[in-house]
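Undergrad: From just these sequences and the hints, can you work out the full model?
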Amino acid sequence: MSAVREFLVPFGQRKVAAFGLAFLVLVLVAALLAPWIAPYDPQQIDAIDRLAPPSAEHWFGTDHAGRDLFSRVIYGARMALLTGAGVVAIALIFGVLLGTLSAYFPTLGMVLMRIVDVLMGVPALLLALALVVILGKGLFNSMIAVGAIYVTTTARITYGLTRKIAAETYIEAVTSLGAGHWRIIRRHILPNLLSPLMVQATFIFAFAQLSAASLDFLGLGLPPDVPSWGNMIAETTRYITRAPGLLMFPGAAIILTVFSLNLVGDVLRDRLDPRFKDDLAK
Amino acid sequence: MSTPAERPLLAVESLQVGIRSARGTFLAIEEVGFALDEGEVLGLVGESGCGKSITALAVMGLLPQPVARITAGQVWFDGTDLAALTNEQMRHMRGDRLGMIFQEPMTSLNPVYRVGDQLVEALREHRPLGRGEAWREAVAMLDMVGIPAARDRASSYPHELSGGMRQRVMIAMALICRPKLLIADEPTTALDVSTQAQILDLLLSLKRELGMAILMITHDLGVVAEVADRVAVMYAGRIVETADVFELFRAPRHPYTDALLRSIPRLDSELDRLVTIEGTVASPLERPSGCSFRDRCPRARPRCAEAVPPLGELAPGHRARCYFPVEAPAPQAERV
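Protein sequences, first through last, are from chains A and B. For the first sequence, my numbering assigns the number 52 to the initial residue and increments by one for each residue that follows. For the second sequence, my numbering assigns the number 2 to the initial residue and increments by one for each residue that follows.
Honestly, the hints are just simulated from the structure, not real lab data. Think of the CB as a built atom: it goes at the ideal place given N, C-alpha and C, for glycine as much as any other residue. Errors might be hidden in some of the hints.
[Said to hold, decoys possible] To give an idea of the chain B side of the interface with chain A (calculated C-beta under 10 angstroms), a few residues:
| # | residue |
| --- | --- |
| 1 | 32 |
| 2 | 34 |
| 3 | 99 |
| 4 | 105 |
| 5 | 107 |
TA: Right, here's the structure in full:
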């Protein structure tokens with residue numbers, strides 16, 4: 052209980068961050084309870100009621116196939132969170148592994164970091180496209196494709212941070228106390244990477260939305276019938292003049308999710324860094 | 002194995018450390034040798050870049066590999082040549098048998114852990130203790146180094162402690178496994194003067210209590226005078242003079258030591274300017290032939306350029322690396 056309270060305290064002082072947290076909770080609830088919240092089946096086609104404007108019956112209106120947009124946006128939250136979480140997990144696991152090992156073992160790092168440099172030279176979307184072409188379409192493959200983009204940046208950031216932390220006197224001090232490589236990486240470097248990577252993770256989570264939406268838009272992401280926010284935007288291009296809501300609602304969902312992630316990420320960083328802890332608790 | 006009494010605890014013999022740089026490999030220290038008995042304090046003195054910290058890191062096996070490494074010599078510690086140990090064997094020595102404290106107490110503790118946890122980790126690295134037991138030991142150790150309310154302080158984060166308190170924590174960490182040798186690399190340089198004196202007093206009282214030897218590395222002759230039993234003066238990678246502390250201050254024989262002691266400002270003399278040593282320390286890449294100090298030495302003669310002078314014994318226990326040492330003053334004419 053006290054841990055939860057401690058987590059919530061800074062949100063009381065930052066109204067905007069509190070909004071961010073509330074919105075993310077909303078997205079999470081929407082994702083978890085989609086079948087119960089959504090008023091319609093997101094795939095239910097209604098040939099008569101196409102491109103309807105928002106009304107009491109269809110809160111966000113309907114799309115070109117007459118599907119209820121509100122229900123589709125709610126189901127879209129599932130895809131958004133799944134994609135985000137998958138991409139963040141892939142980026143962090145492989146990026147941190149590559150980054151710390153490269154920084155800690157310089158010879159290995161020379162090789163690995165040059166490979167990362169080359170991959171970073173490839174335009175991000177092109178890299179993702181290439182991977183989709185190799186792996187095929189699908190939720191998991193699009194996570195890998197988008198994740199690969201952020202593995203490189205995460206590896207770079209982790210590499211730089213680890214080099215900096217490894218040069219700190221406290222690392223020399225624990226070495227002088229007999230700590231081994233593994234313990235130093237696990238106990239002393241990783242925890243110090245946590246707060247900067249937490250902020251990085253929120254960015255990745257946020258940008259993953261955009262990258263995944265781009266893949267969907269190009270028809271190389273999720274199958275078109277899956278109600279992801281990216282797919283919804285992709286399908287609306289031809290109708291935006293007649294039904295701007297088709298772009299606005301899923302677009303707003305993406306923007307607000309990204310914005311909220313950043314707000315909450317900031318607060319998280321402050322909480323996780325013990326140097327900020329006292330200032331916030333006061 | 003012979004009995005420890007007849008052999009010094011630490012005997013460094015003709016130690017040489019090579020450092021690879023962009024401009025080629027050079028020797029950071031050469032022919033460094035000294036011995037340290039159990040319970041003894043040796044002050045290793047010299048200015049920045051003379052190789053005193055490299056010497057300490059070489060003894061601890063903490064030279065930044067692969068850039069720097071021991072290229073010759075032995076480091077005998079309690080019957081073992083540390084220079085010949087593998088990294089893994091050396092790791093078991095560090096923290097357990099050899100402890101080290103650093104110059105920067107503000108950055109020597111990991112900011113994300115409570116100080117008690119850091120002590121517990123140091124202890125459990127070498128001792129098979131449970132967490133609770135190790136925590137009690139950590140609190141006892143914090144108490145021993147004079148941290149008030151040690152039980153509460155163990156739960157503090159490093160940023161909640163002052164510099165002096167952090168240095169006490171560092172000392173507690175270094176000593177928690179009761180090493181026989183503590184290497185203190187400028188432990189008081191970053192602290193204010195009153196805290197410095199407290200930390201030095203603490204080190205001396207812990208030395209008596211735990212019976213360890215201390216290798217005190219410093220550029221501060223005042224610190225040496227306060228804590229050391231014997232002194233080794235380093236210049237440009239070599240030991241140039243070594244003597245009992247009183248002997249060294251009374252009768253420095255190497256011109257460098259002599260100049261160092263003269264350059265300490267004194268309250269009882271009326272000088273307009275501070276006394277300095279002319280010139281700068283030669284870069285390790287372009288040291289002069291023969292004696293490294295000859296460029297700055299008022300006593301230098303052609304012979305000094307020919308070969309490096311040996312570390313000759315001028316009086317019992319008093320050695321200086323000089324062909325033309327400063328004359329020792331008569332015992333009654335005390336300088337310090």
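Undergrad: With reference to the structure, classify each hint as holding or not holding.
TA: Okay, the hints, checked on the actual structure:
1. Annotation: residue 32 of chain B was flagged as interfacial toward chain A, and the flag is violated, the nearest CB pair being 25 angstroms apart, outside 10 angstroms.
2. Hint on residue 34 of chain B is violated. Least Cβ distance to chain A is approximately 23 angstroms, over the 10 angstroms limit.
3. At its closest, the beta carbon of residue 99 of chain B sits 8 angstroms from a beta carbon of chain A; the interface hint therefore holds under the 10 angstroms criterion.
4. Given the 10 angstroms rule on beta carbons, the hint for residue 105 of chain B holds: about 5 angstroms separates it from the nearest Cβ of chain A.
5. With its C-beta approaching chain A no nearer than about 9 angstroms, residue 107 of chain B sits inside the 10 angstroms limit, and its interface hint holds.
In this structure, the hints that do not hold are numbers 1 and 2, in rising order.
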